[in-house]
Amino acid sequence: MIEIDGLTKRYGDKTAVDRLSFVVEPGVVTGFLGPNGAGKSTTMRMIAGLDRPTSGTVRVNGKHYPGAAAPMSELGILLDARSVHPGLSARNNLLALARTAGIGRRRVDEVIDLAGLAEVAGTRAGGFSLGMGQRLGVAAALLGQPQTVVLDEPVNGLDPDGVRWIRLLLKSLAAEGRTVFVSSHLMSEMAQTATRLVVLGRGRLISETSVEDFTSHAAAGGVLVRTPETARLGQVLAAPGVTVINDGTDLLRVSGTTAEQIGTAAWRAHLPVYELTPTHASLEEAFMQVTQDSIEYHAGATR
Amino acid sequence: MTAVMATGLAPAPTTVAGEVTQVRVVRAEWTKLRALRSTWWCGLSAVVLIVGLGAAIAGSGTPYHVSAGNSAATGVSAALLGVLFAQLVVGVVGVLTFSGEYGTGMIRATLAVVPSRLPVLWAKVIVLAGLVLPVTLLCAVVDFFTATAIESSRGGSAIALTDPGVLRTVVGSSLYLTVVVIIGLALGALLRKTAAGLSVFAAVFFVVPIVVGALPHTITGFAPYLPSNAGGVLWGNPLTTAHALSPWAGFAVLCGYAVVLTGLAAWRLRRRDA
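From first to last, the protein sequence lines are chains A and B. Mind the numbering: the first sequence is residues 1 to 303 in our numbering, read in order. Mind the numbering: the second sequence is residues 1001 to 1274 in our numbering, read in order.
To be clear, the hints were calculated from the coordinates, so they are not data collected in a lab. Using N, Cα and C, we set each Cβ at its ideal position, and we do this for glycine too. It cannot be assumed that every hint is accurate.
Listed next, the in silico DMTMM-like pairs over lysine to aspartate or glutamate satisfying Cα-Cα at most 20 Å (straight line) [said to hold, decoys possible]:
{"hint": "1", "chain 1": "A", "residue 1": "K63", "chain 2": "A", "residue 2": "E25"}
{"hint": "2", "chain 1": "A", "residue 1": "K63", "chain 2": "B", "residue 2": "D1163"}
{"hint": "3", "chain 1": "A", "residue 1": "K171", "chain 2": "A", "residue 2": "D113"}
{"hint": "4", "chain 1": "A", "residue 1": "K171", "chain 2": "A", "residue 2": "D13"}
{"hint": "5", "chain 1": "A", "residue 1": "K14", "chain 2": "B", "residue 2": "D1273"}
{"hint": "6", "chain 1": "B", "residue 1": "K1193", "chain 2": "B", "residue 2": "D1273"}
Stretches of chain A that chain B covers, calculated by requiring three or more beta carbons in the stretch to come under 8 Å of a beta carbon on chain B [to be verified]:
{"hint": "7", "stretch": "25-32"}
{"hint": "8", "stretch": "45-59"}
{"hint": "9", "stretch": "138-151"}
One chain only, chain B, in its complex shape:
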C-alpha cells in the first residue's frame, strides 16, 4: 500500500477499470462529441440554414397558394430548402467523427482501450443519430411553423401539419439528415482521411446528382436510386425531379446505402491495422 501511495495511484488494492460495455462506449463517444467545438458550430449552422433559409424563402417572392398542381407538402418542401445545405454540414460532422480520430492519432488511444473495436463504431452511430435526429427535427418543426406563419401573413394559403404529406415532409427531412450523418460517418471510417471522406461525400450528394440531372434521361435510369434523390423523395427535395420511387421506398434505398457502408466500415475496422 505504501508503494501505491508513493506513485500517487489510488490507494485501491485492485484496478479501478471495469468491463467495457456498449453503454460505456456510448458515454465515451458522447463525451468527445459534446466537448468538440466543431459539433456546436455545425449544430448552430444547421439551425441557421434550415430555419433561417426557410423564413427567408417564405418572406420573399409570390406567396404560396395551394392548388391542384401545388400541394401543401410541396410548399413545405420549398421552405425546407435549407436541408440541402444542412446535409453538407451534417455530412462533415459524420466524416470528421472518424477521420478526425485517424488524422490526430487519437484512434490508437480509442482502440487500445476498446480493443474489440466494433463497439466504437456502434457508439459513434448512436451518438450521432441521437444528436442529429432531435436537433434537426426541432429545426424542421420550428421552420414549418415560422415559414407557414410568414406565408399566411403575406396572404398565402394556410398550411397545417395535418394536410396530406406535410407531417411526412417535416419529419422526413430530419430522418433524411439522420441517415446522411451515418453515411458520412461510414465514409470517414472507410477512407480514414478527412479530405478523401469529404470529397467523396460532396461528390455523391452534390456533384453526381447535378451532373446526372443534366444528362439525357435515356441513360440516367439509375438517377432515382442515387442516395440524395432516393432519400429526397421523403421530404420533397426540390432538386429531385425523377420521382420513380414512393417516399418510403426511396427512404429505404437511402437506409440501404447507410447499412452497406456501415457494414463495410465495420469490416474494415475489424480487419485493418489501426
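Bound conformation, chain A alone:
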C-alpha cells in the first residue's frame, strides 16, 4: 500500500507536485496518468525516497520507506531504463543490487529468465536497446519480491510481445496481493491493465477513481441512433443539455441523455429507429477531456 498525504515538491519557485493526497491499495493494478510534466516521475521518486518532499508524507506499506530495515522486500521500483551501469553486464547490475539484501545468484537468474534476458545476461548493459533496458529495470524492481511495485512507463520502448508480458505481469503481481502502481501516457494500455486510476495534471490530483467510472463519467460518451427521420427525431430530442449531431447520413450522435430516453421519445413520436447504441468514451478521450485545462505544454501553443 502507498499512502500519500499532502505531498508537495518545489524546485525553486516551480511547483512540480502540489498538495497531492491519494492511496494506492494492494491487490489491484493502479494506473498513474497525466500529461508530460504533470509530476508523475517526481511523485514516484519521492515514493522511493530519492527526492525529499518539500512538505507532506509518503508511506509505503505503512512505513517511512527510507527507514525500512529490508527495503527490497518493501518496494521495487523502475524509474527509467537508464538507471543501470553501462559498464556492467545485466547480471552484475542485478547482482550488485541483490547483494545489499543478501539475495543470492539463484534469484538473480530467476528474474533474468522472467524478464527474457537470459541470452544477454553476460553482455554489458551499455549496448542494450531501450526495450532490453526496460526489461532489465523491471527485473531489478522484482528482484526482492517486494510488497509494493512502482513502475514508471514500463511499456516504453517495448515490442508488442513485451507489452503483453508487462500487462500479464502486472495483473499477476496484483493477484498475489501486491500493490502495483504504474504510470503510462498510453491511455489505451492503462484501460487494459489498470483497475484503479490516479490522474494528475500540473502536479495536482485531478481524479482518483476506477477506470470504469472515469470513462463513464466523462461526457464524451453518447448514443448512436440510426433513423431515416434524422431531422424530426433531432427536434424531438432537443432539450437543454442535450447535443444532437448529424453528419448528413442517417446517423445521429446524441449526448446528454440515455439510450432508454431516446428510445422512449422515438416511440412516443412514432419515429422508426433502426439502431440505438450507447458508446463509451475511450479512456483516451476521457483523459484528454479531464486534463485539458491542466496540460502545461499545448501543442502549437503561442505563449
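Given the structure of chain A, go ahead and fit chain B onto it with the hints provided.
Chain B in isolation, oriented as in the chain A frame:
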C-alpha cells in the same frame, strides 16, 4: 501459490530480500568495482607506473650512493617517482566510483535499495581502500626490491628495508595513495560530475602545488599544508621541497582533508535529492 508460479516468481510465500547491513552493502560495492573493466585497467597502469618507472630510474643515470646529504630513504623515494603518476590513476578511480553512478543514473537504483544512503558511501570507502592499500603496497615492495637490486648491480649503494626511514617511505607511499583514493571518492560524491571531480582533483594534486612552488616563499607559507605536500613528506615526494611537517604529522594533515571531504560528502548524500 499458483499465481506465484504464473509470473515466474520464486515459489516462496514471503520475500527473498533480507535486511540491509553494512557488510552486504560492502559486498554489493565490491561486485560493481570488481566487474568494471576500468578498475582492472587502472590497477594495471598503477603497477606499471610504480614498478616500471622505478626500475627505469634505477637503471639509468649515475648509480645512487648513500652519503651524508643523500639518505637511503631519499634514494628509495626517487625510485617511487611513479607514485606521482599513480596518484592520478588512483584519483580517477576514486572520482569515478561515485560520479560514474551519477552520470549513468545507476545511483538512483543504488539508493533506492539502500534508502538510508550512508552505508553506500562507507561501503565505497571500504572497498576502495581495501583494494588500493594491498595493491599499491605490493607495488611499492616489488618496486623497492627491483630498484635496489638494479642499483646495487650497477655499483650503487646497497639499501635495506631496515635502513633509517626506508620502511616508512615504502609503506608510506601506499598509505598516501590509499588516502588519495578516498579524497577522489569524496570529490566524486560532492561534485557528482566526472569532469568536475577530475578537474578539481588534478588542480589540487598537480596544478596548485606546481604553481605554489614557483611563487616567492614569503607568500606560500601554506604550501606544506597542501594535500600532496603534506602527504608527500611520508614517502618523500621528490617535488615536495617545503618540509615544514614531520612525516606522520604531514600524513595526519592529509587524512584530515580526507575526513573533512568525506564528511561533507556524507552530509550532501543525506540531504540532497538523488
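Against the structure, the hints come out as follows:
no.: 1; hint: A:K63 / A:E25; verdict: holds, 14 Å
no.: 2; hint: A:K63 / B:D1163; verdict: violated, 62 Å
no.: 3; hint: A:K171 / A:D113; verdict: holds, 19 Å
no.: 4; hint: A:K171 / A:D13; verdict: violated, 39 Å
no.: 5; hint: A:K14 / B:D1273; verdict: holds, 16 Å
no.: 6; hint: B:K1193 / B:D1273; verdict: holds, 15 Å
no.: 7; hint: 25-32; verdict: violated (count 0)
no.: 8; hint: 45-59; verdict: holds (count 6)
no.: 9; hint: 138-151; verdict: holds (count 7)
Hint compliance for this structure: hints 2, 4, 7 are broken, all remaining hints hold.
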